[in-house]
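Based on the hints, put chain B in the right spot on chain A.
Sequence order for the protein chains is A and B.
Counting from 1394, one number per residue, gives the positions in the first sequence under the numbering used here.
Counting from -19, one number per residue, gives the positions in the second sequence under the numbering used here.
Where hints are given, some of them may not hold.
As the list claims (entries may be wrong) - Each pair of labels, with its calculated beta carbon distance range:
# : chain 1 : residue 1 : chain 2 : residue 2 : range
1 : B       : Asp334    : A       : Arg1546   : 41 to 49 Å
2 : A       : Ala1500   : B       : Leu429    : 30 to 38 Å
3 : A       : Glu1564   : B       : Leu317    : 32 to 40 Å
Bear in mind the hints are in silico, worked out from the structure with no lab data behind them.
Predicted model only: the values in this text are computed from it and were never measured.
We put the CB at the ideal spot given by N, CA and C, even for glycine.
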Amino acid sequence: MSNELARTASGVDADRDRDPDARVRDAGTDPDPDSDAVLELDGVGKSFGRESVIEEMDLSVRDGELLTLLGPSGCGKTTTLRLIAGLDRPDAGEIRLRGAPVAGPDASFVPPEERGVGVVFQEFALFPHLTAAENVAFGLQGVDEAERDRRVRELLELVGLPDKGEATPDELSGGQQQRVALARALAPKPQLLLLDEPFSNLDVDLRVEMREEVRRIIKEAGVTAVSVTHDQEEAMSISDRVAVLNGGRIDQVDPPERMFQHPESRFVAGFLGHASFLAGRVDGDRVETGLGAIPRERVHGLAPEYDDTDVDVLVRPDDVQARRAVADGRGESATGPGRGRADSEAGDGTVVYRRYLGPSVLYRVELDSGDTVACMHNHADEVGLEERVRVELTADHDLAWFPRGAKRVADGGREDASPPR
Amino acid sequence: MATRTVGSGDGRSLGVVLAAAAIAAAVLSPLAWLLAGGVDALDSLGLLVADTTVRVFVNSTLLAGAVTAASIAIGVPLAVLTVRTDLPGKRTLTVLLAMPLVVPSYIGAFAFVSAFGPRGRLQDLLAPLGVGSLPSIYGFTGTVLVLTLYTYPYVFITTRASLKTLDTTLVDAARTLDHTRWEAFRRVTFPQIRPSIGAGSLLVALYALSDFGTPQIMRFDVFTRVIYSAQKYNLDLATLLSLQLVAVTLVVLALESRVRGGGVTSEHPGRRTSLLRLGRWKLPALCACLAVPTLALAVPLGVLGFWLISGGQTSSSLAFELSYALNSLWLAAAAALLAALCGLPIAYVAARRDGPAAAALERSAYVGYAVPGIVIGFALVFFGARYGGALYRQGLLLLPLLVFAYVVRFLPQSVGSTRTSFEQVSPALEEAARTLGEPPLRAFRRVTLPLVAPGLLGGAALVSLTTMKELPATLLLRPPGFDTLVTHLWAAEQQGYYGQAALPALVLLVVSALSLLVMVRLEGYDVE
Chain A
1394 MSNELARTAS
1404 GVDADRDRDP
1414 DARVRDAGTD
1424 PDPDSDAVLE
1434 LDGVGKSFGR
1444 ESVIEEMDLS
1454 VRDGELLTLL
1464 GPSGCGKTTT
1474 LRLIAGLDRP
1484 DAGEIRLRGA
1494 PVAGPDASFV
1504 PPEERGVGVV
1514 FQEFALFPHL
1524 TAAENVAFGL
1534 QGVDEAERDR
1544 RVRELLELVG
1554 LPDKGEATPD
1564 ELSGGQQQRV
1574 ALARALAPKP
1584 QLLLLDEPFS
1594 NLDVDLRVEM
1604 REEVRRIIKE
1614 AGVTAVSVTH
1624 DQEEAMSISD
1634 RVAVLNGGRI
1644 DQVDPPERMF
1654 QHPESRFVAG
1664 FLGHASFLAG
1674 RVDGDRVETG
1684 LGAIPRERVH
1694 GLAPEYDDTD
1704 VDVLVRPDDV
1714 QARRAVADGR
1724 GESATGPGRG
1734 RADSEAGDGT
1744 VVYRRYLGPS
1754 VLYRVELDSG
1764 DTVACMHNHA
1774 DEVGLEERVR
1784 VELTADHDLA
1794 WFPRGAKRVA
1804 DGGREDASPP
1814 R
Chain B
-19 MATRTVGSGD
-9 GRSLGVVLAA
1 AAIAAAVLSP
11 LAWLLAGGVD
21 ALDSLGLLVA
31 DTTVRVFVNS
41 TLLAGAVTAA
51 SIAIGVPLAV
61 LTVRTDLPGK
71 RTLTVLLAMP
81 LVVPSYIGAF
91 AFVSAFGPRG
101 RLQDLLAPLG
111 VGSLPSIYGF
121 TGTVLVLTLY
131 TYPYVFITTR
141 ASLKTLDTTL
151 VDAARTLDHT
161 RWEAFRRVTF
171 PQIRPSIGAG
181 SLLVALYALS
191 DFGTPQIMRF
201 DVFTRVIYSA
211 QKYNLDLATL
221 LSLQLVAVTL
231 VVLALESRVR
241 GGGVTSEHPG
251 RRTSLLRLGR
261 WKLPALCACL
271 AVPTLALAVP
281 LGVLGFWLIS
291 GGQTSSSLAF
301 ELSYALNSLW
311 LAAAAALLAA
321 LCGLPIAYVA
331 ARRDGPAAAA
341 LERSAYVGYA
351 VPGIVIGFAL
361 VFFGARYGGA
371 LYRQGLLLLP
381 LLVFAYVVRF
391 LPQSVGSTRT
401 SFEQVSPALE
411 EAARTLGEPP
421 LRAFRRVTLP
431 LVAPGLLGGA
441 ALVSLTTMKE
451 LPATLLLRPP
461 GFDTLVTHLW
471 AAEQQGYYGQ
481 AALPALVLLV
491 VSALSLLVMV
501 RLEGYDVE
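Isolated chain A (complex conformation):
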């Protein structure tokens, strides 16, 4: 339960923090994904013993982008990273770096030292017997000394530690260790940089700061990067594109905004922020739901063949507002698209759950229609438990939906995510 709430809270944060125009991205449908691909995974599979960790994974990472593999723990993220780095061998499929196969049925396995792939390890893995500068210089074998020193200085400057070259790893703070690890991985100019849960070893306060730092450094170095994390807020805030993993497969690859607003599966919808589903019926130019009728144009891409079918409409906690139902039959002014319901006076649901989160309050309202929706309010809003409320749809963006028959997408979502009938 608390997990769900945390997700809700951070989902809202991610929404608010987002700055869509600051990104290099390609939000449309993939034009030609392989044209400038640095890394391609083609049907890659890996199992340990009898347990299959990754199945049939396809992925293409474009030149210069920062892509994050996002998924719950145990979904095969770290294994994917190790396969790309050459630290493990895939059992099936092919991995290509700049078009050249490095692992696969027709390729001889290229060991990690010959791949030109830099890795920032989860626990940083700085060599404790070497100074920061020696760590950075470690991968610069065969480079003449003057050039090596210059490169080390340049990188320490890039990561903001020009004075820490002589420090040993145990003299550095967590954030500084991460900077050195990043500098060390970038020093040999890898064609691809991998980051394994890069922020999980940092204090919470430091994480937000380091996210921005790491993104800046990666962009400044101009390197293509793949990171993995289970933290959706982190994935949203640093990535050009996010790939959501579910049970060893990739569910969806998209820029963060698109992923959040238009999840292609119930799993993605539920994993990125809290999701409630409203049962509805497509009826002409409206969709009838427990919150009243929603104009058809507000529901994203609802094609004509879904006329007169049952659908589930996705609502986030910040898409809806619950207001105390007014006894005299006049609710507070209804401005949302949910206007026009017949029985608005008595409210349309009851608060069954209330959780005070500090800045905001999370309610769960059981609608008379049988659906349950979660709403996030400002902390000053006061609605009590067991109170009758009117829930209004206040969202000013298109809503995502899923057919009840689940025909449109390969649905990795949980069946129990759909509301009771």
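What follows is chain B alone, placed relative to chain A:
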């Protein structure tokens, strides 16, 4: 994720595993030769039920049982006193109480015999007072006394360690649930320290079973003593007894692993709570704590000091020569180097790989802990005599066999210390080196090796120091005319020239003290 096995992607780990397997096989080979000899000795199987054999079996079992019981009886209360009470000077007492470990038991036995034996120092002193004879120090009582005095620290140390990490709020909880101190100890503390007492007792029992010097000096017929004399005239008997001794050892190991089960490690160790106030029992407790190390340390030091000063009878054939010390030194160096080299791959596999194969490899490296030195020595004599041919008859094979025996016996020290170092080096470091362009061997050399070097060297130091005081295998495998500190001491003691045994004995005490220091530093043992 932390114990992920290393790189499925390279052939190196297979090479390391093969090397480790080869070493493990070599270390196990003495047992194989012994078994081969056992098959030959099947005709003489009747020997197993002969009176002597049965007596030896009973003697050995009684000895191991008595020494273990006595060590628990001494070690556990002393541990409780020095951890959980307000006894003054606990730190000093702890060091003092652990010190008997420094004395090789054969030196202790030698000291006790020369002090309390017939015509010993004590009797000389008491004779004018009309005390004609003392109870005999020889036999069962003396052997138990000496072995207990020098092995109880194993129980003391392991029990102390677990008492210190015990969560004392559990005891407080029991007290609030209406338990007396004694009930709380019995129902809460004891179940938690039991595995540690078991571990310490195992070491004591194995030591008592495998010790050769003490029963030989005390003239008490146990396996080791009879094997030593039988290997000169009755190979079949020696073989059968050796196999029987190994079997008894395995039974002890199995018993211990059953006792060990059920132990729980506490999650909140080291909380300080009020200490038990001894009140008027303080003085008796202090005396008890002082009496034990006084007996164990003052007797040998006094006796050796006396002989060193007074000289006593000397024999010109037993004059001390520098070559004895040099022989000890180079044997120790050779054994240490070889043990370090052999320990490296086994420690690597044990630390970096999971699964039954890795566990089996590591366990086979520990055969030296379980198999008594006299058995390993005898197995190698047997091997040399049977398969060594002319080389063995000319004595050329003996020194290599001796060094090999040392490696088999003390490989566990090298593996243990190196393994701990490997475990402290994250496998991700080597992987990081790989992703930075280093092939496997160079990654190992540049990253892992420098980081495990201290553990490797510490293990080697430990092996060299314990090699120097090793007795039974040295006696069995040394070439004629080849003497070390230990064999010189042994010859002098056996011929009654105690004065000439004093110097090598003191040197060995120093060596032994050094080895304990190394061990303390390696394991970071805290006397506090």
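Going through the hints against the structure:
1. Asp334/B <-> Arg1546/A: 41 to 49 Å: holds (42 Å)
2. Ala1500/A <-> Leu429/B: 30 to 38 Å: holds (32 Å)
3. Glu1564/A <-> Leu317/B: 32 to 40 Å: This hint holds: roughly 35 Å between Cβ atoms.
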